[in-house]
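Protein sequence lines correspond, in order, to chains B and E.
Per our numbering, residue 942 is the first one in the first sequence, and the count goes up by one each step.
Per our numbering, residue 942 is the first one in the second sequence, and the count goes up by one each step.
Calculated from the structure, these hints are not laboratory results.
Incorrect hints may have been included.
[What the hints assert, rightly or not] Each computed DSS-like pair below joins lysine-lysine, with the alpha-carbon atoms no more than 25 angstroms apart:
no., chain 1, residue 1, chain 2, residue 2
1, B, Lys1419, E, Lys1419
2, E, Lys1363, B, Lys1419
3, E, Lys1334, B, Lys1058
4, E, Lys1306, B, Lys971
5, B, Lys974, B, Lys994
6, E, Lys1343, E, Lys1388
7, E, Lys1283, E, Lys1343
8, B, Lys1306, B, Lys1334
[As the list claims (entries may be wrong)] Chain B is nowhere near these chain E residues, computed Cβ spacing over 12 angstroms in every case:
no., residue
9, His1009
10, Ser1113
11, Glu1179
12, Ile1325
For every residue, glycine included, the Cβ atom is placed at its ideal position computed from N, Cα and C.
2 protein chains.
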Amino acid sequence: MQRKIRIFDSTLRDGAQAEGISFSVEDKLKILKALDQLGVDYIEAGNPGSNPKDLEFFDRAKRETLHHSKLAAFGSTRRRDIRVEEDANVKSLLTADTQTIVIFGKSWDFHVTEIIKTTLDENLNMIRETLSFFHEKRKEVIYDAEHFFDGYKANAEYAMKTLGAAVEGGASCLVLCDTNGGTFPDELQTIVEAVKAAFPVEVGIHCHNDAGMAVANSVLAVLAGATHVQGTYIGFGERCGNANLSTIIANLQLKRDYDCIPAEKLKDLTVTARRIAEISNIALNERDPYIGHSAFAHKGGMHIDGVTKATRSFEHVSPEAIGNERHFLMSEVSGRNTILEKIRQVAPRLDKNSPETDAIMQRLKELEHMGYQFEGAESTFELIIRKQLGKYKPFFELEHFKIIGEQPSSGEYSSSAIIKVKVDGTSEISAAEGDGPVHALDRALRKVLTTFYPELAKVKLTDYKVRVLDTRSASAAKVRVLIESTDGESVWTTVGVSTDIIEASWIALVDSIEYMLLRELEKKMRVYL
Amino acid sequence: MQRKIRIFDSTLRDGAQAEGISFSVEDKLKILKALDQLGVDYIEAGNPGSNPKDLEFFDRAKRETLHHSKLAAFGSTRRRDIRVEEDANVKSLLTADTQTIVIFGKSWDFHVTEIIKTTLDENLNMIRETLSFFHEKRKEVIYDAEHFFDGYKANAEYAMKTLGAAVEGGASCLVLCDTNGGTFPDELQTIVEAVKAAFPVEVGIHCHNDAGMAVANSVLAVLAGATHVQGTYIGFGERCGNANLSTIIANLQLKRDYDCIPAEKLKDLTVTARRIAEISNIALNERDPYIGHSAFAHKGGMHIDGVTKATRSFEHVSPEAIGNERHFLMSEVSGRNTILEKIRQVAPRLDKNSPETDAIMQRLKELEHMGYQFEGAESTFELIIRKQLGKYKPFFELEHFKIIGEQPSSGEYSSSAIIKVKVDGTSEISAAEGDGPVHALDRALRKVLTTFYPELAKVKLTDYKVRVLDTRSASAAKVRVLIESTDGESVWTTVGVSTDIIEASWIALVDSIEYMLLRELEKKMRVYL
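For reference, chain B alone in the conformation it holds in the complex:
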């Protein structure tokens, strides 16, 4: 029988403490829905009393129907030396109107006497009374024992007493927190076992990654008897971040048969990670286990050869299981076979030792040397192969363009572009304005080409990324521009490299349009086949 592990996500609370993260209320609601859809058990989201944003969030969250997750509000034990009913922060938690309340308190004697400056006994009262306050109101009360491992190592007897106070107060789950993130796995496992043996309630684990061991520590806590795991979905949080739940869920459910989220949702692990990264406006770490773009990216020739024979030779799980994909990377170490497989998609009968294949290899090496990367830009890669094979005819010729940027700007837009192109002997000129030079150029190019190719009207840019390749020469540095486009049905990505951001963007824009027109042409031809 599968053992159930309750997954508790704190992206909206501990995650918001990460450097570079700043959620709007809209962002928080979107993340709430994404996590509920994935099927985590709890979603923690701060204290409505701490700031107006959280207040608005809980107010709007009430109107959302959650299908799987319970929403939890988070707050501290009461302050020292006052009655719990008089503590404004404690009372404000009730306005969140959640069935689940998470209260954190101190386990480490040093923190009690030196940081919050009270007595060891008063701290026990603070824990017991705060939890009772919510327990009597029939709330589910989860207790976060802050700094539990450091506390246990400094004074085990006292740390255990704080948990005792929490159980007396009505805690249904004791969450052991490695708040400073420095606990080693050997000591962590021993301590979890001791707590598990001493108390009759559920035990949880909350790890931080300051020693790079948050995932392993969480997994080992589960092996030692914890059945509730806290973390943030893609791992961001205060300092080095929290335990990465996307990794922990995959580890426990795929490899040790625990039940963390509904089985049919496992394949959404990857897309959920991308969605949360996008809402949070951060770049996903592409080397993250399971869900990163590189997680199943093979580059070494021998690895690619092995995976081609049997995927498990160099993959510990199947990428399909979590909705990710396998990639064979193209590079000087990847070997001819990978590139050949790509070439065959364009020219199925090309021999791997032919002069054309050699010419393509040579061209790729040159472009890579210039700073091109095709790993995320398959459409540009396909066009390069076509150009080398002569299976390509430009859809238009640029006669010239001119972009003007001005400050102060004379109207709504600061940039304008004039462009003249020729298609089949006919010239056409047009102009457009935009926010910045690339925007103006993009609009002008589409506008002038739509007179020849009306199907371009449905294309739009969905992503535009700039990477500075060599920061040492500052504003004259080489940049790589990646452009993602869509016609509403499919999505394709193209790349351009130059020391001039406009030229790099131009190269990628042209490829994007040519690629789309080529696809349209193929569709039309198919009718006659």
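Based on these hints, arrange chain E on the given structure of chain B.
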């Protein structure tokens, strides 16, 4: 007594397998020197027979004097069914001319029969004979047992036999590799102990991060008796990467008193990470333990309060120990105290409840909402405080600028800029060309201002970063531009945000120049005090 752990870095070999990494020979030599300077025991760098770049590298590396590290060449056991003396790849290893040779071979019966397609006995011969070949030539031979943990779990008896063959061949160290990166810490530790008990030679560990547990697995292997740890310095490698040595060294040496690198070099852990990231042309993961910018960045008000009272309240080690720094982040959750501390650097006597302080707080919130981040741009932050306090007078006024970008370009540069500014009632106009619009604008602005402020001649841009903030609106997305400048003595960073990359760059450029002129003015005034 401290127990010695031999640190074996494979950035130049396994690290080169990472997505997005492509080293030149120069890059490799720079990394070699950085790692030697840090004092790792071994640096592994590929096979001179595998490609001309590696051949050139070993040739040039011979001429380098290494002060601490041993350079190692890496290759496979001989191919099946030929004599070891006839295997070109094996022989080519000798041309590296290194005292240490690393040979990898198969431990997993499935790989032997299904991937390299030979018999279990022939694989044992391949291991034994290849190692003997180098051992007889008085090389130090390290044996990498590929897929050892998967092999042990599938067929423990055979996996142990492969190690036996390596010992017979003269291996001085048996390195157990979790090649697919999927091994759990509990089973890993048991298996390391079994190997340690069975063989009289040194045992090493080589982990990959596909389950997010490479660091913990390496640490647990050491606790189980391994004394040789392989990884890459900042963790990049095939797929999810290798065990991160910067984390492992800090964990073992700071927290368990192992001896990994010379004690006086610990404080270079952070700078070495930055150096290797820069040479590799990748962005360091700023959330990386110990060496990341966020590793000691405190944002939550309570955490900042705690750290101010006693650093160990929310820090598991001191940032100084590894040459990193503590940061208090400014944000809506960071509390007034952090911002106040910054304000006091400009206006030491300002009261924390004054209307000016409120006005600054308000302005910061507005700017953060627009997409500004001051975490890495302290100079812009200081100018904002000055502006709010009226302690600021612009050094020049922009009358207007115009930038023109053209394709095809008429000369060396594709962009040109005309700019007119006014200083103390005197107008001046100038123009410059550049690679792209920002480069042209930067040059024109410096040129026209140098007529008024000759000290600007010594300023130059050292970094220029573009971050697209909201990729959803594509080429009209909001961008944040960070500019780093230097006058040869100090370095300062400024930031600008706009939907127009030129405007964002302009804002940051102006701040950069104003900040420098302000510093110069202060220096001059000091003479009269």
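| request: Starting from the hint list further up, note which numbers the structure goes against and sort them upward. | output: Hints 2, 3, 7, 11 contradicted; others consistent.
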